[in-house]
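**Student:** The lines below spell out each chain.
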Amino acid sequence: MTNHYKIAIIGAGPAGLSAAGRAAFHDQQCNQENNQESNKSGDTDPSYVLLESFDKPAKTIQRYQKGKLVMAEPGYLALRSDFSFEQASREEVLGGWANELVDQNVNIRYNSEVAAISGELGNFTLNFKDGKCLKADNVVIAVGLEGNPRKLGVPGEDLPVVQYTLDDPGACNGETIVVVGAGDSAIENALALAKNNQVYLLNRRDEFSRAKEGNLNAVLKANADENTTLSVYYSTSAQSVSDEENGTYTMVLNTPDGDVSIDCHRIIARLGGIPPRRFVESSGVVFPNAKPGAIPDLSDKYQSNVPGVYIIGSLAGYPLIKQALNQGYDVIEYILGNTIKPADHPLLDLQFKLLPYKKDVDELIRLFQQRIPIFKRMNALQFRELVIESNILVAYEGEMYESVQAKAVHIEKALEKRKQKPKYTKTISAGDYIYREGDYSNSFFTIVEGEVTVDMPGINGQQTYTRGQFFGENSLLSGRPRLGNAIANSNCIIVETPRRIMVKLMNSNDDVREGIDLVFIVRTLQRLFAPNLSSDELVKFAGAAELRTFKPGEVIFKEGDKGQSLHFMRSGSVTLSRMTDDKDIVVAQYQTGKIIGQMALMGDAARRETATANVFSETIELTNEILYRILEADTSTIESFQDNASSSAILHTRMEVRPEIGSVTDFLMDEGLGEATNCLIIDESLCVGCDNCEKACAETHGGISRLDREAGTSFANVHVPFSCRHCAQPHCMKDCPPNAIHRSASGEVHIDGSCIGCGNCETNCPYSAIKLAYDAPKKPGLFAWLFLGKGDGPGEEAHYSPSKEAKDKGKKAVKCDACMDLPSGPACVNSCPTGAAMRMSPDQFIELVEKR
Amino acid sequence: MDILLRYVDTANGSQSYQDTEVKSKSLTIGSSKAVDIQLCGKDIALKHLVITASAGKVKFECKGKRRISLNGRTVSKGKLAVDDEILLDSHIIRVITAPAGFDLALEIRVDQNLQDRALESAYVTTIDAASWGTRWPAYAISFVLVVVFAAWPLYSHFHNTHNENATAAESEILGNAKSEISFVHSGDRYWSTGSLNQAHQLSIGDNCAACHKSPFEQVKDEACEECHQIADHIDETSTLISASSHAKNSAQACQSCHKEHNEPTSVIITSDMLCVDCHAEEVRMAGNNPHSNAIANNADPVIEGSTTTTSDTTSEIASIPTTTGFSVNKHPQFKLSYLESVKLNSSEKEKAIVNMSWNKQQMAFDSAYPEASNLKFDHKVHFSPSKMRTTDKPDGMRCADCHTLKSDNEHFEPVNMEEHCSSCHQLTFDTDNLERQLPHGNPDEVIRMLEEHYVRVYTDPNFKAAGSGTRRRRLGQDSNNANCNTPFACGMQKAASESEAQFTKGVCNYCHQVSDNEANDIYTRWQVLPVRINDDWYPNAIFDHASHETKKADSNHSCLSCHDAEESESSTDVLIPGIDNCVDCHADDSIANKITVNCVSCHDFHPKMLSPTILNTTKPSINTIDMPHTGKQL
Amino acid sequence: MHQNMLDYKGKRYFYISLALVAVCVGIFMSQGALFAANGGTWQGYVLGTVGAGLICWLMALGIRKRSYASTLGPLNGWASAHIYLGTSLLIIATLHCAAQFGLNIHTLAFVLMTIVILSGFYGLFAYMRYPKIEADNRLEKPRSALFEELSLLNKNVRDLSKKCDGQIQQVVESAIERTAIGGGTIAQLFALDSSKVVSADDTDKASSTTLVANYDQQVVIDLIAKKLPRTRRQGQPALLQQMLSMLCRRQALLRRIRRDIQLQGFMKVWLLFHIPLSVALLFALAIHILSVFYYW
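Protein sequences appear in the order of chains A, B and C. When we follow our numbering, the leftmost residue of the first sequence carries the number 4, and every step to the right adds one. When we follow our numbering, the leftmost residue of the second sequence carries the number 1478, and every step to the right adds one. When we follow our numbering, the leftmost residue of the third sequence carries the number 151, and every step to the right adds one.
Wrong hints could be hidden among the right ones.
Claimed, not checked - Lysine-lysine pairs mimicking BS3-like chemistry, simulated, CA-CA at most 25 angstroms apart: (1) C:Lys215 x A:Lys781; (2) A:Lys198 x B:Lys1519; (3) B:Lys1542 x A:Lys793; (4) C:Lys305 x B:Lys1519; (5) A:Lys781 x B:Lys1554.
What the hints assert, rightly or not - Derived coverage of chain B by chain C (criterion: at least 3 residues anywhere in the stretch with Cβ under 8 angstroms from a Cβ of chain C; other residues may be distant): (6) 1583–1596; (7) 1599–1605; (8) 1658–1672; (9) 1747–1754.
Hints in this document: simulated from the structure, not taken from any laboratory. Note that the Cβ used here is the ideal one computed from N, Cα and C, for glycine as well.
My request is simple: use the sequences and hints to build the entire structure.
**Tutor:** Structure below.
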């Protein structure tokens, strides 16, 4: 058989499979043609090969835990592939694909890991780990991001006792299990197993640096508690694994204090994957930057800078299975020279439907990208993605608006029947608000056409932003409510991009991030110090301003230091403390949007306080020189600036003379309330423990309480129970696969129906404010209980047993939504008889603590 | 039964078993220390479920509302077979094949974390868990309340109203009525809102039905009239009621004034509101006046043929002026009721006797209308010592010498000649013999006596009037009776002239009005007009003289303080004081430092007792109580 | 910031109740023209209706408290109004009956009402006073934390005792086993301690079953202390010392727990009277109204 293929597809993930399927389909067709013309039967050799390093296809999905529901997001995107796919359990999906692999007799090679790619278009050479090699005209890289699991790298690493995945923690009972690794997956497995097994967790380093906060706390707690059957070996590595004759296995570890050997039933290596990047780069593909999330530049046909090398799937920046499948299909068509419209074409078409242009989708896409400088250097595919995810707003006037609205209604009707509605052009009438002061939206706006007027507080006169400019970056970066109102002028076209997408983009694309940061600084300077200076003038100052980030507990400046700069807080929260007779006394606590250390500017050289970040915080540091120059250029703000300084001076001193207040503030900050926007605070001196708050929560939220009054910590009769604080930049939102967590305009962070119960938010929330739960069964009515004692009465039913439907639906994440859709406001507060429960924002803390 | 409990400990790696045997007919599982298998957990009850084995069948049953999950299903009771798995919180109990000699073997996997965290569940640490809670006590108490205070009273009332004879009997016998109501049937006594008037308590006792005849209806007058004889303030026929608003109408029901169960208000109310609420505005009467019956009833039967002519009385008191209290301007001026003598123009001339009748007539107090009693009397004289020097009362007379109070303490016994006057005023006529006196009260007798006297004077030869030295006169010797030729004629002549003297100038005329019709027959010539002294000036009011009599020593003073008789020289003077006199000391309670009088202190609401005859005809009933309500009683 | 039930919205409901009472007194004063003040005059009826209305409204708190999505204002405000209007009810009801009492359902209703209100006063007192004390007693930890600590101590004490001689082991074991916490209402309210322990004297004999009171764990502590200087076995003193300190910690912890249960009890117990009696009151009230109009 020949060893030269037209197409070599590396990686049998969704993308690879789909590509192979498509290739197989084309082979079959030309076979039939051949058969027709020359009646000799028998197939020609396949023109392609699918190379898989693992012994099964789709190993990433194989690694999902047992029975996990595989989502078919995004619902509005049509599937186009020879491999079927819809929302189903992990087993069903994999089973389906396995069958289809056979039916379409795809030419797949297992256990053949490609080590390197060399050559050029028409003549690539693929070398395997095992020394073999093959040739191909085109190479499709679909290896995804997970890469191959890192092996133990010790003798015996291939023994059956060693496994790199864990299907079902529940399946192991009473075993001794060694888990190797310090990542989240390792910790999660270890914790899950520790319930019924003796578990040893090996960490090569002396701390869990890579772990999510949630997992970190959990494992440390478990390790500290001698009752749990989990014990951690720090700075310990595996030495060897050997099987005893009695069927068990022995693992030898070398710990700081000598070797230890454990008889174990199971070894689970969770050492992460070897990132494919190096391998990809080996083929000459160039990445824009050194960030792990970076995505190689690709043409809109998935072709990399190396002709003939195509990259699809998550490696190309498409983490979702359906997208990958579609791309597999597309890429083969492109390689074979067939021009087809990409699967997302209809979506873009909808997005542009109501624009006043007569251009076709691809032109428009190009137009958009040219028009918007910061998006210029994105790769075309990413930009398509961005547009699909964004809202396209267009503002019309008068009867024009009416007519367009009419069209919109039609489209709405047409889309009605679709399961999940795709986005289409949003029409607004000129003069409408795009956002209002104080809205909690945090999307990002770029102007393609026309003008937008924004009135910033502190700046007299309205700002007008025009084509190519962007706005709304403040909320995007700080997570705080909107500053000022944005009003659409007539015929303006705006792209509104969700925060999620922007964050992803900024992480992968330096230009975008820097561009946004610069403008942010300029506008901040303008707002705070120099309303009369034009942005162009400010840009040169802005360059000198430094953007700094601080980890929790990190010191921004120390008392007594010589202060040459002030900090504008872009995000996070900071406490100021003074050292008075050897006691650190908290004198103030500032959130995003405040200025600290301005006294340095007022000639008082030495810092009077020590500033410490409570949570991850970003500040813009301005050295005195720049500030002086700015203030020279524009003297209008000096007055207010000084007043502000003196008032804070008063506050600090007042707090200093009452240390007990400071200690309460300190406590609140330690509880992480610095990043809260709306947190439940219980006054223990009023709380009688009736738990009516919990009952209220459960009763107003389908029988499941989102708050745990008794849990949580207290200090000076201030009790911070387990309940959501609706963080400024919610941790839970970080990685939510179906993007089910939203922040409402009024600030509540809530989970919508599309939750898949993956539990990421639960682990990501540092405040255990989220839990996974089955729907609670219906309870007898209030009066049935009140008068007849039916049921357990109001509140979360003790150990309810979920109904069949609930079980099928599976556990879903539940969290406080601050009763956003109750007119009565938060039920917990509304139902507290003694007035002990209150919801407040950090601005009220001063009031709260001063009362004590 | 013999039970094998195998505790599985997966804590440190390899599973370790710990077997224990239990010999008992049932196996209890819960969080308390007292059960066979102690499994702690927030939702595990002290005694959560019991496992029993009978005839090889193993059954389990949860306590109360508790549930367990058996092979994933939530159940409260059922059977257990080998390999069944019970999940309690996060503890697992599996049924395993029992080794020989055991009826049942259980493999227990205790979730040690939970076991430690949930230690609290091993104890009773909340009041709710320790007490009965609040629901059933609430219902229990309420039930008792309803039975004792609603059901029982209702039953009692039903019973008491539905067998008549029982209640009848009770109402028949005064006083011991209480004993008639058995305890069982007196549940409604707990509905009483206050104690009864003692008399009522005595006669009715706990028989509420005696007055409360039908539910949700105010007590009707009939109920009162079963016992009480009531002459109403206003008789039903009187137009006042029909004319008056419903409010006023109902105001005439007993209820409106007499409230029982209502301490401290006594059954009879003295408040002026009683009257003032109606009389605050002037009450006009078409037809006869409400008080007239009262007057009629009071009419003194002594007067023959007296009839009250409604015409003029009505005109006098057709309307009762506004009355809002007792003071000069709150209360209308008093009205005196005069006795007016009326000469009847007699048709039969031959019997020329002046016939008279007396009419009561109300006159405004200040009308200065003279009293016409046909008596000539001068109070002043009788009081002045100078004039009385010769009598046995040298320092003047006292009121009480002639006026003695009747038993009603209001009116006075009539004054009469024999008792009060004759001791001083003798009816002598012949200065020659003063021991002879004329009889009083009978004119014919007077004339007859004169004739007898003088005939004897002229005829009896040895008649000699005591103290006179004159001898018997010869005929024709006397100048004045020259024309008499016989002593008899002279005697008669003299008698006639004396009579004229006595009637027109003499003793009669001294006190009495005498009419002279110039008749030849001296027997029919003169008539002494009958004397009628008014003894009831204020028939519609009550006045207690006794309570006003201060300083008994010389009661003159106390009388004269109101009646100024000392200055009165003529009997036409009316010596009855008016309101101005009362208000010196008295006023209604709205005015301070005066002696309070209520309407009912002087006025009856209910008229005085009807005469027994009427009584008996209206209501022959032994237990009738007559209750004249007068101010005195209050 | 946090407002307790009395201060709610600047004592708003205090002034409202005050006004209400003033009006009612006014109405009451207008009586007595014809009849003495009494429930039966029109003023009496008015006051009675006001009172009955109040009672029904006060009872409605039980329902409002549990209608969690209610838009009728925060429960805190209701509680505040409940307290002040409840207090005013005492006056209004007295005005209604014009202080006429007797052996009848009417007075019974009044008495019930008074008890309910008085128990309410106690409840208010408890709610105002105990939460802080309780929180401080718990060292601002949840009760469950105390019990976790206890079970941990139990465990450690047990483990230690395994190293000691049989007698100590038996006594300590029984002491832990027979530790009494909470119990009946009385036991909880008075923080009674009916803990027992196997008497140390006859534990030498194989079968020792006689239990002696172990109030405040003192007996077992004394035993260990007694043993401490007398033990011969080597290493024992250190062990006993450790045991002793743990038992003392345990003792302290048990005190806290009992105190916590007691304080919780103080805050709960009054409801055992307040609620049933107010329900009874409702019935009494109904009967009262029925009876006065039945026998009108």
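**Student:** Verify the coverage statement for the stretch 1658–1672 of chain B against chain C, using a C-beta to C-beta distance below 8 angstroms and requiring 3 or more qualifying residues.
**Tutor:** The restraint on the stretch 1658–1672 of chain B holds, since 8 of its residues have a Cβ under 8 angstroms from chain C and three suffice.
**Student:** A:Lys781 and B:Lys1554: Cα distance at most 25 angstroms?
**Tutor:** Holds, because 22 angstroms separates the two Cα atoms, which is no more than 25 angstroms.
**Student:** For the stretch 1747–1754 of chain B, do at least 3 residues have a Cβ located nearer than 8 angstroms to some Cβ of chain C?
**Tutor:** As far as the stretch 1747–1754 of chain B goes, the hint holds, because 4 residues have Cβ atoms under 8 angstroms from chain C.
**Student:** Are the Cα atoms of C:Lys305 and B:Lys1519 separated by 25 angstroms or less?
**Tutor:** It holds: about 20 angstroms lies between the C-alpha atoms, which stays within 25 angstroms.
**Student:** Straight-line Cα separation of C:Lys215 and A:Lys781 no greater than 25 angstroms?
**Tutor:** holds (20 angstroms)
**Student:** When I compare C-beta atoms, does the stretch 1599–1605 of chain B have three or more residues closer than 8 angstroms to chain C?
**Tutor:** Held - the stretch 1599–1605 of chain B has 6 residues with a Cβ nearer than 8 angstroms to chain C, which meets the minimum of three.
**Student:** Check the hint pairing B:Lys1542 with A:Lys793 against an upper bound of 25 angstroms on the C-alpha distance.
**Tutor:** holds (10 angstroms)
**Student:** Does the stretch 1583–1596 of chain B contain three or more residues whose Cβ lies closer than 8 angstroms to a Cβ of chain C?
**Tutor:** As far as the stretch 1583–1596 of chain B goes, the hint holds, because 5 residues have Cβ atoms under 8 angstroms from chain C.
**Student:** Hinted pair, alpha-carbon criterion (25 angstroms max): A:Lys198, B:Lys1519. Please report holds or violated.
**Tutor:** holds (19 angstroms)
The structure meets every hint from the earlier list without exception.
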